[in-house]
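Colleague: Sequence:
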Amino acid sequence: VFMAYLNGHQSHFKMVGGQENARSLVHLAELFRLADKAGLFINPELAAERMRKVLAVAGVG
Numbered sequence: 896v897f898m899a900y901l902n903g904h905q906s907h908f909k910m911v912g913g914q915e916n917a918r919s920l921v922h923l924a925e926l927f928r929l930a931d932k933a934g935l936f937i938n939p940e941l942a943a944e945r946m947r948k949v950l951a952v953a954g955v956g
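Using the working numbering, the letters of the sequence shown map in sequence onto residues 896 to 956.
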């Protein structure tokens with residue numbers, strides 16, 4: 896779901912039962928870093944913008 900959100904396939908990062916909170920911010924940041932390194936983002940600028948929003952909601956940045 897997180898990758899779908901970052902790649903623009905979803906307009907939100909919400910899961911049933913609030914499961915989007917089951918992973919730490921550190922985990923999500925590492926996922927972002929690895930996905931970027933592997934070239935998995937269709938639109939890297941959009942992915943970066945959305946990652947910044949995730950970080951801002953968590954109080955980072």
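Misleading hints may appear alongside valid ones.
With beta-carbon atoms standing in for the labels, derived distance ranges [stated by the list, open to error]:
hint, residue 1, residue 2, range
1, V911, K932, 12 to 20 Å
2, G912, G934, 27 to 35 Å
3, R947, V896, 27 to 35 Å
4, L926, G954, 17 to 25 Å
5, G912, P939, 13 to 21 Å
6, G913, G934, 28 to 36 Å
7, V896, K932, 30 to 38 Å
8, E925, A951, 28 to 36 Å
Derived DSSO-like pairs (lysine-lysine); straight-line CA-CA distance at most 27 Å [unchecked claim]:
hint, residue 1, residue 2
9, K932, K909
10, K948, K932
11, K909, K948
Treat the hints as calculated values from the structure; they're not laboratory data. Every residue, glycine too, gets a C-beta built ideally from N, C-alpha and C.
Colleague: Confirm or reject each hint.
Modeller: Right, here's what the structure says about each hint:
1. As the Cβ distance of V911 to K932 is approximately 30 Å, the hint placing it in 12 to 20 Å is violated.
2. At roughly 32 Å, the beta carbons of G912 and G934 sit within the given window of 27 to 35 Å.
3. In this structure the hint that R947 and V896 lie 27 to 35 Å apart at CB is violated, the actual value being about 18 Å.
4. Distance hint check: the CB atoms of L926 and G954 are about 19 Å apart, consistent with the given range 17 to 25 Å.
5. Between G912 and P939 the CB atoms are about 31 Å apart, so this pair departs from the stated range of 13 to 21 Å.
6. For G913 and G934, the hinted distance range of 28 to 36 Å is satisfied, since their beta carbons lie about 31 Å from each other.
7. Against the hinted window of 30 to 38 Å, the Cβ-Cβ separation of V896 and K932 comes to about 20 Å, which falls outside the hint.
8. In this structure the supplied range 28 to 36 Å is violated for E925 paired with A951, their Cβ-Cβ distance being about 18 Å.
9. With a CA separation close to 25 Å, the supplied pair K932 and K909 stays within the 27 Å bound.
10. Restraint check for K948 and K932: satisfied, since their Cα atoms lie roughly 20 Å apart, inside the 27 Å limit.
11. For the proposed pair K909 and K948, the alpha carbon gap of about 14 Å is at most 27 Å, so the pair holds.
Checked against the numbered hints given earlier, the structure breaks hints 1, 3, 5, 7 and 8 and satisfies all the rest.
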